[in-house]
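Assembly of the complex is requested from the two constituent chains, each provided in isolation within its own frame, with the hints serving as guidance.
Chains as they are written, first to last, in the working numbering: chain E, 1 to 265; chain F, 1001 to 1305.
Just so you know, the hints here were simulated from the structure itself, not pulled from any lab data. Remember, predicted model here, so these are calculated numbers, not experimental data. Honestly, I wouldn't trust all of these hints.
Said to hold, decoys possible - Facing chain E, from chain F, some residues (calculated, C-beta under 8 Å):
no.	residue
1	Phe1069
2	Met1081
3	Asp1102
4	Val1106
All C-beta atoms in this analysis are idealised placements derived from N, C-alpha and C, irrespective of residue type, glycine included.
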Amino acid sequence: MRFLIQFFLKNGIHSRRTLWMGLICLIPLAVAVLLFLFRPILSKEGIELPELFPQINFWLYLHFLLPLVSVFIGSAVIGDEVEDRTLPYLLTRPLERRWIVLSKLVAGWMTAGVLMFSSLLLTYVVMMLGGGVENVSASFGQLLQSGGVLLIGLAVYIPLFTLLGGVVRRPVLAGLILTFGWENSVAFFPGNVKLVTVAHYLHILSPPLQKVDQGGARNLFNMVIQTTELSTLTAVLILVGLGAIFIWMSSSLLLIKEYRLQQEA
Amino acid sequence: MRIEAMNLSKWYGQVIGVNNLNFNLGPGVTGFLGPNGAGKTTLIRLMTGQLKPSKGTASIGGEPVWNNFRMIGNVGYCPEMDAFWSYHTGYEFVYSLMRMHDLSHVDACSRTEKAIAVVGMEEAMNKRIGGYSKGMRQRIKLAQAIAHDPPVLLLDEPLNGMDPVARRNTIALVKEMGNQGKTVIVSSHVLHEVEEMTDTILLINHGRLLAEGNIYEIRRLIDEHPLQVSIRCDQVKLLTARLMEFEDVLSIDLDRERNQVTVETNNPEVFHARLPDLALNAGVRIESLWSPDENLEAVFEYLVR
Chain E
1 MRFLIQFFLK
11 NGIHSRRTLW
21 MGLICLIPLA
31 VAVLLFLFRP
41 ILSKEGIELP
51 ELFPQINFWL
61 YLHFLLPLVS
71 VFIGSAVIGD
81 EVEDRTLPYL
91 LTRPLERRWI
101 VLSKLVAGWM
111 TAGVLMFSSL
121 LLTYVVMMLG
131 GGVENVSASF
141 GQLLQSGGVL
151 LIGLAVYIPL
161 FTLLGGVVRR
171 PVLAGLILTF
181 GWENSVAFFP
191 GNVKLVTVAH
201 YLHILSPPLQ
211 KVDQGGARNL
221 FNMVIQTTEL
231 STLTAVLILV
241 GLGAIFIWMS
251 SSLLLIKEYR
261 LQQEA
Chain F
1001 MRIEAMNLSK
1011 WYGQVIGVNN
1021 LNFNLGPGVT
1031 GFLGPNGAGK
1041 TTLIRLMTGQ
1051 LKPSKGTASI
1061 GGEPVWNNFR
1071 MIGNVGYCPE
1081 MDAFWSYHTG
1091 YEFVYSLMRM
1101 HDLSHVDACS
1111 RTEKAIAVVG
1121 MEEAMNKRIG
1131 GYSKGMRQRI
1141 KLAQAIAHDP
1151 PVLLLDEPLN
1161 GMDPVARRNT
1171 IALVKEMGNQ
1181 GKTVIVSSHV
1191 LHEVEEMTDT
1201 ILLINHGRLL
1211 AEGNIYEIRR
1221 LIDEHPLQVS
1231 IRCDQVKLLT
1241 ARLMEFEDVL
1251 SIDLDRERNQ
1261 VTVETNNPEV
1271 FHARLPDLAL
1281 NAGVRIESLW
1291 SPDENLEAVF
1301 EYLVR
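Next comes chain F alone, as it looks inside the complex (with noise of 0.2 Å):
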């Protein structure tokens, strides 16, 4: 089932919290990426149709979402705020949101025991959310969002104040749901989380969807950024030197200690094509080579800047 916006925006008054956003996406994981503030909120609120476009529309499955009651019965949420009917155990929270979906008693209790299970909840089901750890909420929270198998999730920093295992379970969980053909968005301000669920991104600032896509293809895109490249050798010193006699080389650090050079680039693929060659004619052997700034944090920062 595929989540599409087309010229979606929305503003409050004067404030701007979307800005004529177009995307259009299918199944598999799909970060929405951006700064606190920067409109993933608004935006997946808009996309389950708590808020009704400024301009334009927000789809899915090729009906608006807005007062759809009936599209909405696909779609998972997980709500970035903490809240919750705090008297209420955990298993009486899931029980009671799969009531709503027109479930008899005996499938709304299966459903809720298996999401539960899912988000390795079941020792503390029958506890009041009230008394929950940060952790603890987030999974409930999850599990009410999986419990009736929908085919979108929507899930708004779902790893917030996760502990470590919960959130190793929790990105393999939502990978597991983008393999099962499901259209999973993720919203994250923590890079390297999303980075961990997907590849495939929506930078968002200010309302305005920055890039979208595959972090590389997201690279090419913004290729006049210079970008890093470490190499560790043999002959650190010698390499370093026929390094400087490119044009496309911006500027070079050398770490003799670990035998290690990082050169600035700013036309990679040239690089990277010429590399083999000179290390080969020079009599360099490269023992590893990398980018500490090929990751979404990169890109992020400077595309935002």
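One chain only, chain E, in its complex shape (with noise of 0.2 Å):
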């Protein structure tokens, strides 16, 4: 599985998609160096830069690049294969079919993990920054917390992803429509529709944001997404959970499902 990994990751390395991804990946970055240029006319207005970071992680991170790329990543577990016809290499060897899957999950959630983890500490540095340097170390827990849960994310969305490219036609506009239609607007709605979304646990497990106002619509709006019984031992239990689901599910396609690469002569 090793070998398979390393191989999968050279491969993920070498594809356009990456490319496309760390450029993408790029976006919060070019948002906190904007923020930086303009952080006078910020300051004059009360808000200092560092006590943004937790708005960045959230909006850019966690529900735009974290659901964003995860689509991107996990249908082309399979779908890369399929598409580029090479999956006839990979069926004709002695190797269990669980396991390509499983070691394309794992060099995708890599691949994935470093583009958004590196783009994430470089908008943590900027951010921090624009408050003086001795903010940067001051809040590396927060940049900790907040990459821990973009790493949970991911392994938990790109096996979603994979299982989805295995049963509708257009996995990428699926995965967009669930990311961006479901999961990006229920798990703020109020009551309890919220906790049939991964967001949602993945909203508990996330740094606070109430830091930038304590009071009035923003921290409401905080509790509505963040208030709930659930313990944040539970969030992740339940995304563990899931994800061992998704995982399972999407290993198993190979097992079940054939792929036909074109036209059989």
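Pasting the structure below:
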């Protein structure tokens, strides 16, 4: 399995998809740089740059990059081999089919994790430097917490979209609808319906947003998305459980599903 | 190691890919022959465990191949499709696939080098496959199929795009593999290619097995099919006159310039048995005798008609 992971990692690094994902991951960094440049104006409004980091993390990483990168990486786990018609080389080796998918999932998770964490780290540094060098180390725990949530999110979403890729014809479109149509909206609904989103459990684990405004509408919003009777441990367990189910189901795809690469001759 | 299909069928909704095939093939080279869309690739993908049979079983060495990853290690497969991880060099491509056979780095290197030498790709092995010609890509695909020295080889249109020298070498290689006792299946829609590699064939069309066996056995199976026989002799006019007396001779084409007559007979065995006496009695000296349509092309065209 180690060789397979290395093989798929190398393949992933050379893919155009990874290049695009890398460029998209620069978007939050670009936003951070812009904020850094306009920090005197923000200061006049009473907003300090380090305080905005949880907002950037929440909106641009958790609700934009995480689902987007997961959709593209997850749908490519089997999709790339089918599209490039290289799947027969893998299926005609003495490899357990489950291990093929698992290795690709691990490679995809590592690639996405490196891209997103690197971007998050750079964004963090820029944002914290906006409040002074001392801030960089002071809020380091926040960075690790945000990074950890992203890695857990990737571990749940990537196999979910791999699974989706095995059952729908247009997995990217279906994935985008699921993330931006369901996850990113239902997770903000009051009541219990948000319990059927992955995003809700990631909210519980994320750093709180209330630093920007301790009262008023933002605080109310924060209460809606994060107030829950579930503990952090429960959220972690649910995410681990969901990840395990999605991994098991997606790694079973090659055992039960056949892929037609072109018109059979 | 034997390859067997028992009541093997594969359909995609309403479309039949392979229909109730039965065969049992042993060591040596066997050709899967049929036009494009006949079901050859579907059959090979079934035999390599890439597709699940809709009905029946595809087995190698007595074991079903679908989801049988251990058995698949005994198979070398050269796909028809021109597909690669294109940033790989030829060497990396073969090496990576060898590592997937649980070979150590050293073993994988040695087998890769050996296979690449067999297909004559040593000079280009460190170049990217993306820059290879079609013929080179075919050869590197063949290298990955033979590198782990499998007892069973399934080669789907292996000669596609090869230059004449590579083609000749590949044909020799396939024959050698067959002579070594490997079970080699070669699919092709180009009949003379298969004919050069083997005289044992399976004729497939519309997913059905039309005929199986030696080309001459197949010829016997279709004895109602008229056979053409060409004869070159010193007295072509006299021979033509005598041949016209026989009931089994359907038509005669006389070529005086070449001293040659081409006869169409609906009973080849009787015709061949009678010809020596006829020539002897008439005092005709036969220089050569051959059948212009006793090749796969003729059999194939007749059977798929």
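To see whether the hints hold, each was checked on the structure:
1. Phe1069: This interface hint holds because 5 Å falls under the 8 Å limit.
2. Met1081: holds (5 Å)
3. Asp1102: Because about 7 Å separates F/Asp1102 from the closest Cβ in chain E, which is inside the 8 Å limit, the hint holds.
4. Val1106: Nearest chain E Cβ about 14 Å off; hint violated.
In summary, the structure is inconsistent with hint 4 from the numbered list given earlier, while agreeing with all the others.
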